[in-house]
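Colleague: Quick note, the sequences are listed as chains A and B, same order.
For the first sequence, position 101 (counting from the first letter as 1) is numbered 207 according to this note's numbering, and the numbering increases by one without interruption.
For the second sequence, position 75 (counting from the first letter as 1) is numbered 89 according to this note's numbering, and the numbering increases by one without interruption.
Just to be clear, a hint being listed does not mean it is correct.
Here are the simulated lysine-lysine pairs, PhoX-like style, with alpha carbons at most 25 Å apart [unchecked claim]: (1) B:K29 x B:K71; (2) A:K203 x A:K160; (3) B:K31 x A:K203; (4) B:K71 x B:K31; (5) A:K198 x B:K31; (6) A:K198 x A:K160.
Derived list of chain B stretches under chain A, where covered just means 3 residues or more per stretch with a C-beta under 8 Å from a C-beta of chain A [what the hints assert, rightly or not]: (7) 27-33; (8) 60-73.
No lab work stands behind these hints, which were simulated from the structure alone.
In this text, all values refer to a predicted model and were calculated from it rather than measured experimentally.
C-beta: ideal position from N, C-alpha, C; glycine also.
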Amino acid sequence: GIQVEQSPPDLILQEGANSTLRCNFSDSVNNLQWFHQNPWGQLINLFYIPSGTKQNGRLSATTVATERYSLLYISSSQTTDSGVYFCALDDKIIFGKGTRLHILP
Amino acid sequence: GAGVSQSPSNKVTEKGKDVELRCDPISGHTALYWYRQSLGQGLEFLIYFQGNSAPDKSGLPSDRFSAERTGGSVSTLTIQRTQQEDSAVYLCASSLLPPPISGTSGANVLTFGAGSRLTVL
Numbered sequence: 107g108i109q110v111e112q113s114p115p116d117l118i119l120q121e122g123a124n125s126t127l128r129c130n131f132s133d134s135v136n137n138l139q140w141f142h143q144n145p146w147g148q149l150i151n152l153f154y155i156p157s158g159t160k161q162n163g164r165l166s167a168t169t170v171a172t173e174r175y176s177l178l179y180i181s182s183s184q185t186t187d188s189g190v191y192f193c194a195l196d197d198k199i200i201f202g203k204g205t206r207l208h209i210l211p
Numbered sequence: 015g016a017g018v019s020q021s022p023s024n025k026v027t028e029k030g031k032d033v034e035l036r037c038d039p040i041s042g043h044t045a046l047y048w049y050r051q052s053l054g055q056g057l058e059f060l061i062y063f064q065g066n067s068a069p070d071k072s073g074l075p076s077d078r079f080s081a082e083r084t085g086g087s088v089s090t091l092t093i094q095r096t097q098q099e100d101s102a103v104y105l106c107a108s109s110l111l112p113p114p115i116s117g118t119s120g121a122n123v124l125t126f127g128a129g130s131r132l133t134v135l
């Protein structure tokens, strides 16, 4: 099956910093989504982005399908951005292991 | 409903007992997914339902696990003869349409329920 790798596994930043999270995948996909899981466990969809670039406030995402990777950018981090960020793809919506982000006040 | 509803939110059971977990997806959503998340881990795919098609059961870890979806709406995940390693949060999600059928991005977006936390003693 398709393999999904996310990096870095953990990231600790000061409030106000910018970050880039990466998702590599092993095969072509027609479905890629980014999710945020908050410290209480709730999963929220951030982007549906099988290709191209999207922006939503301080967050943006880019998927280069031909090179099999996607990037999630978080600018001007806030403590509420803390949690785990997952990319998920393929018809079965297979999840990567996530990037755990800690934003320090 | 307005969101994906899961019940119970917490379940504590004894090893060897059977449990049933329920998922009520967003009304009209044709695709429904079950995942398992152990403490501090990622999401493990279990099973996927799409409309009236046969479900994709390739993620079920053993024959003690089964799931059904009645009338294309509510789904029940059943775990028979529970073991301690079954302890986890079981998450359900739904989407209006599954990939790659949809031509509109919003229809593939997954909405998750709050999960059912299962503890097997």
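Colleague: Test coverage of the segment 27-33 of chain B by chain A using CB-CB distances below 8 Å; three residues minimum.
Modeller: violated (count 0)
Colleague: What's the verdict on K31 (chain B) and K203 (chain A), does the C-alpha distance respect the 25 Å limit or exceed it?
Modeller: violated (30 Å)
Colleague: Does K31 (chain B) sit within 25 Å of K198 (chain A), going by the straight-line distance between their CA atoms?
Modeller: violated (29 Å)
Colleague: Decide if the proposed pair is consistent with the structure: K29 (chain B) and K71 (chain B), CA atoms, cutoff 25 Å inclusive.
Modeller: Holds, at about 24 Å.
Colleague: Next pair to validate is K198 (chain A) with K160 (chain A); report whether the Cα-Cα distance is within 25 Å.
Modeller: holds (23 Å)
Colleague: Is the listed coverage of the segment 60-73 of chain B by chain A valid when you require three or more residues with a beta carbon under 8 Å from a beta carbon of that chain?
Modeller: Result for this restraint: holds, n = 4.
Colleague: Decide if the proposed pair is consistent with the structure: K71 (chain B) and K31 (chain B), CA atoms, cutoff 25 Å inclusive.
Modeller: holds (22 Å)
Colleague: Can the restraint linking K203 (chain A) and K160 (chain A) be considered satisfied, given a maximum Cα separation of 25 Å?
Modeller: holds (23 Å)
In this structure, the earlier hints numbered 3, 5 and 7 are contradicted, and the remaining ones agree with it.
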